[in-house]
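Engineer: Each chain is listed here by its residues.
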Amino acid sequence: MVDQSAVGREFTPVIARVEPGRLRFFLDTLGEGNSLYRDENAARAAGFSDRPVPPTYLFCLEMMDATEPFEFLTALNIDLARVLHGEQRFDYYAPVVVGDTLTFRPKVTGVTDKKGGAMTLVVVETRVTNQDGVHVADTSRTVVIRNPRPS
Amino acid sequence: MTATKPGVGERIVHKEFPPITRHRLALYCGASGDHNPIHVDLDFAKKAGFPDVFSHGMLIMAYLGQALTDAVPPSRIRSFSTRFAAITQLGAKLTCEGTVAELLEQDGEKRARLTLTTKDETGEIKLAGEAIIAL
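As they're listed, the protein sequences go chains S and G.
With the first letter of the first sequence counted as 1, position 86 gets the number 86 in the numbering used here; the numbers rise by one all the way through.
With the first letter of the second sequence counted as 1, position 46 gets the number 46 in the numbering used here; the numbers rise by one all the way through.
Simulated from the structure, these hints should not be mistaken for laboratory data.
Some hints here could point you the wrong way.
Claimed, not checked - Only some residues are given here: those of chain G computed to face chain S with a beta carbon under 10 Å: (1) Ile12; (2) Pro18; (3) His35; (4) Lys47; (5) Ala48; (6) Leu59; (7) Tyr63.
Unchecked claim - Reference listing, derived: stretches of chain G covered by chain S, where coverage requires no fewer than 3 residues with Cβ under 8 Å from a Cβ of chain S: (8) 26-34; (9) 64-76; (10) 79-86.
Said to hold, decoys possible - Only pairs whose alpha carbons sit at most 27 Å apart, straight line, appear in this in silico DSSO-like list of lysine-lysine: (11) G:Lys93 <-> G:Lys5; (12) S:Lys115 <-> G:Lys47; (13) S:Lys114 <-> G:Lys110.
Note that CB positions come from ideal geometry on N, CA and C, so glycine has one too.
Chain S on its own, in the form it takes in the complex (with noise of 0.2 Å):
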């Protein structure tokens, strides 16, 4: 089970490229029609250097461009099966477009027993910047972990 002694892990940062090919099938896959997203004239419209990025694709970068994408997991030893998305949050501090260069830096904010030990969250608070150093968001997200009845 993960303990206190997980809090402040860090893992390996993760560098994600803005790749409008990729941006385009998720938009697709959403039935995301919203012009400013797809036509680089409506997003200048708009005040954005190009295309921004939708609110959850950070989330999305960070796991397409990660070595193992589940890195956290293994390291703290949590089975996959047993994990369920609890929380979610963005910070959003500068743009993010097409083109950028993100690095994502992942680390351990919190573990807390739920239900007597039947559930652990688990927080992981990743720092994100951008080619030119800029602090651009912040994300955090809660896993639930359900735990194994001891036998």
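Given chain S's structure and the hints, the job is docking chain G onto it.
Structural biologist: Here is chain G on its own, set in the frame of chain S:
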């Protein structure tokens, strides 16, 4: 946002989405980089104790994000968060809504806090969240 400021209690976000299909989950698996087999591989899902595959929470949050940026330009969104209240099953028909809960001033900027929900066709809450937007 338009020049008129929204009032507290005003519903500014509302969008409905087509039912969740296995095909959509497969596409989202590829498009999002989230290759957790629990969402696409029935054998894996059953072994993990679930009756069937179920949606990625982040697919549902992406729909909520889409509903949000239909109403509010992305450049005005300061934060966006959700709690995944219930698993979203295959076939679920989702409705995303957002209501102005509070007007506030933060970091020298006039902002609004929106409460956001995603419900299925039975009215069960799948996602409960909020966004802080600049006015």
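Engineer: If a hint holds in the structure, say so; if it does not, say that too.
Structural biologist: Status of each hint after checking the structure:
Checking Ile12 of chain G against chain S: minimum C-beta separation of about 15 Å lies over 10 Å; hint violated. Residue-level restraint check for Pro18 of chain G holds (minimum Cβ-Cβ distance to chain S is 7 Å; threshold 10 Å). Annotation: His35 of chain G was flagged as interfacial toward chain S, and the flag holds, the nearest CB pair being 7 Å apart, inside 10 Å. A least Cβ separation of about 7 Å between Lys47 of chain G and chain S falls short of the 10 Å threshold, and the interface hint therefore holds.
Interface restraint check: Ala48 of chain G against chain S, minimum CB-CB distance 4 Å, threshold 10 Å, status holds. The beta carbon of Leu59 of chain G is positioned within 10 Å of a beta carbon in chain S (closest approach about 8 Å), and the interface hint is therefore held. Because the beta carbon of Tyr63 of chain G sits about 7 Å from the nearest beta carbon in chain S, less than 10 Å, this interface hint is met. Residue count for the segment 26-34 of chain G with a Cβ under 8 Å from a Cβ of chain S: 7. That meets the three needed, and the coverage hint holds.
Restraint check on the segment 64-76 of chain G versus chain S: 8 residues with Cβ-Cβ distances below 8 Å, three needed, restraint holds. Residues of the segment 79-86 of chain G lying with their CB closer than 8 Å to a CB of chain S number 6, which satisfies the three-residue condition for coverage. Among the hinted pairs, Lys93 of chain G with Lys5 of chain G is inconsistent with the structure: their alpha-carbon atoms are about 31 Å apart, more than 27 Å. Proximity of Lys115 of chain S to Lys47 of chain G is assessed by CA-CA distance (about 23 Å); at most 27 Å being required, the pair is judged to hold.
A threshold of 27 Å between alpha carbons decides the hint, and for Lys114 of chain S with Lys110 of chain G the separation of about 37 Å lies outside it, so the pair is violated.
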